[in-house]
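2 protein chains.
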Amino acid sequence: MKAAILGYGNLGKGIELAIRQNPDVELCAFFTRRDPASLKTNTEGVPVYSVDDIPSHKDEFDILFICGGSATDLPKQTPEYARYFNVIDSFDTHARIPEHFDNVDKAAKESGHVALISCGWDPGMFSLNRLYANCVLPEGNDYTFWGKGVSQGHSDAIRRIDGVKDGKQYTIPIEAALEAVRNGENPELTTRQKHLRECFVVAEEGADKARIENEIKTMPNYFADYDTTVHFISEEELKRDHSGIPHGGFVFRTGVTGENKEHKHVIEYSLKLDSNPEFTASVLVAYARAIVRMKKEGMSGCKTVFDVPPAYLSPLSAEELRAHLL
Amino acid sequence: MKAAILGYGNLGKGIELAIRQNPDVELCAFFTRRDPASLKTNTEGVPVYSVDDIPSHKDEFDILFICGGSATDLPKQTPEYARYFNVIDSFDTHARIPEHFDNVDKAAKESGHVALISCGWDPGMFSLNRLYANCVLPEGNDYTFWGKGVSQGHSDAIRRIDGVKDGKQYTIPIEAALEAVRNGENPELTTRQKHLRECFVVAEEGADKARIENEIKTMPNYFADYDTTVHFISEEELKRDHSGIPHGGFVFRTGVTGENKEHKHVIEYSLKLDSNPEFTASVLVAYARAIVRMKKEGMSGCKTVFDVPPAYLSPLSAEELRAHLL
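Protein sequence lines correspond, in order, to chains A and B. Going by the numbering used here, the first residue of the first sequence is number 1200, and it counts up by one from there. Going by the numbering used here, the first residue of the second sequence is number 1200, and it counts up by one from there.
Chain A with its partners taken away, still in its complex shape (with noise of 0.2 Å):
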């Protein structure tokens, strides 16, 4: 099976390395939009291309990992790079999804290739978890939990902060909010039970350290309706301390069953990541597969993990995974 990545950021990189520990997938290319000649890559051998290229590789390879941001990029190339290879993609808005399912449905059927959006662990194997759940359980309560973890998007908003050199946030899930899922409790839980917001700020030379901390823990959406810490450190401890992207999280489902709904049931998924990207790029390996199986069987079109039949991510046969795995 023959891939090609877009985008060389932390999630390229990371399906870069996933390709290693996968020895039916070789890496064939990278695109760029970038100069070419400026990517420094961490294989040897492998061409990097520039994106406006992509037209003259049609087909050569077989799933084009698009590795873009979900606000801007990834609603324009996951549609656009569908009409030449089969492609994968981590949108990961969800109020969107509805949306970048048709453009990428249409864009796919038109040129007779397969595409996979939403991949990766939520969306991805938490969704997966959640519909399972769901169906097996069809009365009861749905939680998700984050964390602990670094949020880029709450880390970008503490840096675009006035005085702020740099920053790190991290999402905790309570303690005690996840006990009383466990226990079968259902609870109502606000926004501020659920998770905790953890801040490691640098601040610039002389900046206001109170103002700043005041500006994080009022600031609407991100942090207001949250308990947030806020820790002044410093560059190198920043560097030392909190350089790693971990995250992960919990799915619950607590749902009854019996004459007097008198049973409780517990279903809980849990993912305690080192390497959030590395992660995500290894769900996105794993589903590149399926892609090329469902292309070979003559499908075409948009899918997302709730479509692929799980023995499509394996590489072993479904004798092998029934006499092993089952």
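Source of the hints: derived by calculation from the structure; they are not laboratory data. Any given hint might turn out to be false.
Partial chain B-side listing against chain A, Cβ under 10 Å, derived [unchecked claim]:
#, residue
1, N1221
2, W1320
3, M1324
4, E1338
5, I1371
6, I1373
7, L1437
8, G1454
9, Y1468
10, E1477
11, T1503
12, S1513
13, H1523
When the alpha-carbon atoms are kept at most 20 Å apart in a straight line, the in silico EDC-like pairs for lysine to aspartate or glutamate are as follows [stated by the list, open to error]:
#, chain 1, residue 1, chain 2, residue 2
14, A, K1308, B, E1518
15, B, K1239, A, E1338
16, B, K1347, A, E1461
17, A, K1364, A, E1414
18, B, K1212, A, E1414
19, B, K1212, B, D1272
20, B, K1438, B, E1403
21, B, K1495, B, D1304
22, A, K1305, B, E1518
23, A, K1494, B, E1496
24, B, K1347, A, E1378
Glycine included, every Cβ here is placed at the ideal spot set by N, Cα and C.
Fit chain B to the supplied structure of chain A, relying on the hints for placement.
Same frame as chain A, now just chain B:
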């Protein structure tokens, strides 16, 4: 979707209840090996037929839930009744799944039906989690723990001992082992390090309790390889405190990614179930919906949970799923 149930034990009763929670499923008939007139179900107005009458009801129902035991019932029943209906079972003898699959596949293909075997939570939801996690983290370790819950097989083994009037056995995962796995320590665990066995035994009057306890603790395969505790209690206590059928367990995959495998990831899936048979039944009813869809699409033959696109389990449309659960 018209459904019939064969076998009215714990699982059959669970299916009967689960159908009430799924408005798109209609319970139309029970089949039994007993005298139909003697079977008192919990659903008025639904006819009870003899299992011998199955051929005369061919294709009257969209799905037959086969609720027999894995040791001797299902290996005969599922291939046989796949000739007359789409069928689903909870065959759970892992080692014999390939053979059972082949037998059911042959029968279902010949008659043009869809069959799904080994559905429930293990095999079933646990298998799915093993598969997804293995595909996403190809370099890693798998761990499955069961409990806390009642093991029917081990309870039966206790009851066969001379001088035992009744008994119940709980399988309990060892907290220290769970924690070591959860922390990404990748421990190598012996049988004894993974699970405890706790037995509640009602002895016959005058029976030698020391001998019973010794026979339990030294029983090969069942107890000898475990740390086992035995509590002698009264019949009343057993009925009052141990009449439920709870179960559950944990599936872990711990793996690594990164340039130097420096990033650890932990995927954990767990179930905490007040009623093992009612939860199993709930899984079967969701998969019955998928089977009926696959049949409508022209498929036939034997399937497992690995072959079913997750969206097929839901009564919601693909659009609704993308908008609300992805």
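Cross-check of the supplied hints:
Proximity of B:N1221 to chain A holds as hinted, the smallest CB-CB distance being about 6 Å (cut-off 10 Å). With its C-beta approaching chain A no nearer than about 9 Å, B:W1320 sits inside the 10 Å limit, and its interface hint holds. Hint status for B:M1324: holds, given a least beta-carbon distance of 7 Å to chain A, under 10 Å. For B:E1338, the shortest C-beta to C-beta distance to chain A is roughly 6 Å, which falls under 10 Å, so the interface hint holds.
Of the supplied interface hints, the one on B:I1371 is violated, with its beta-carbon coming no nearer than about 17 Å to a beta-carbon of chain A, more than 10 Å. Taking 10 Å as the C-beta cut-off, the interface hint given for B:I1373 is violated, the closest approach to chain A being about 19 Å. Evaluation of the B:L1437 hint against chain A yields a violated restraint, the C-beta minimum of about 20 Å exceeding 10 Å. At a threshold of 10 Å, the smallest CB-CB gap from B:G1454 to chain A is about 8 Å, leaving the interface hint in force.
For the restraint placing B:Y1468 at the interface with chain A, the shortest Cβ-Cβ distance is roughly 5 Å, inside the 10 Å limit, so the hint holds. For B:E1477, the suggested interface contact is upheld, since its CB lies about 4 Å from the closest CB of chain A, less than 10 Å. Because the beta carbon of B:T1503 sits about 6 Å from the nearest beta carbon in chain A, less than 10 Å, this interface hint is met. Annotation: interface hint on B:S1513 holds; nearest CB of chain A at approximately 5 Å, less than 10 Å.
Taking 10 Å as the C-beta cut-off, the interface hint given for B:H1523 holds, the closest approach to chain A being about 9 Å. Restraint check for A:K1308 and B:E1518: the C-alpha separation of about 17 Å stays at or below 20 Å, so the hint holds. As the CA atoms of B:K1239 and A:E1338 are separated by approximately 27 Å, the hinted pair breaks the 20 Å bound. For the suggested pair B:K1347 and A:E1461, the alpha carbons sit about 19 Å apart, so the restraint of at most 20 Å is met.
Simply put, A:K1364 and A:E1414 have alpha-carbon atoms about 15 Å apart, close enough for the 20 Å limit, and the pair holds. In summary, the hint linking B:K1212 to A:E1414 is not supported, as the alpha carbons are separated by about 59 Å, beyond the 20 Å threshold. Using a Cα cut-off of 20 Å, the hinted pair B:K1212 and B:D1272 holds, with the two alpha carbons roughly 17 Å apart. At most 20 Å may separate the alpha-carbon atoms for a hinted pair to count; B:K1438 and B:E1403 meet this at roughly 15 Å.
Taking the CA atoms of B:K1495 and B:D1304, the gap is about 17 Å. The hint holds against a cut of 20 Å. A threshold of 20 Å between alpha carbons decides the hint, and for A:K1305 with B:E1518 the separation of about 15 Å falls inside it, so the pair holds. Taking the CA atoms of A:K1494 and B:E1496, the gap is about 18 Å. The hint holds against a cut of 20 Å. The suggested pairing of B:K1347 with A:E1378 holds, with an alpha-carbon distance near 18 Å, which does not exceed 20 Å.
In the structure shown, a violation is registered for the earlier hints numbered 5, 6, 7, 15, 18, in ascending order.
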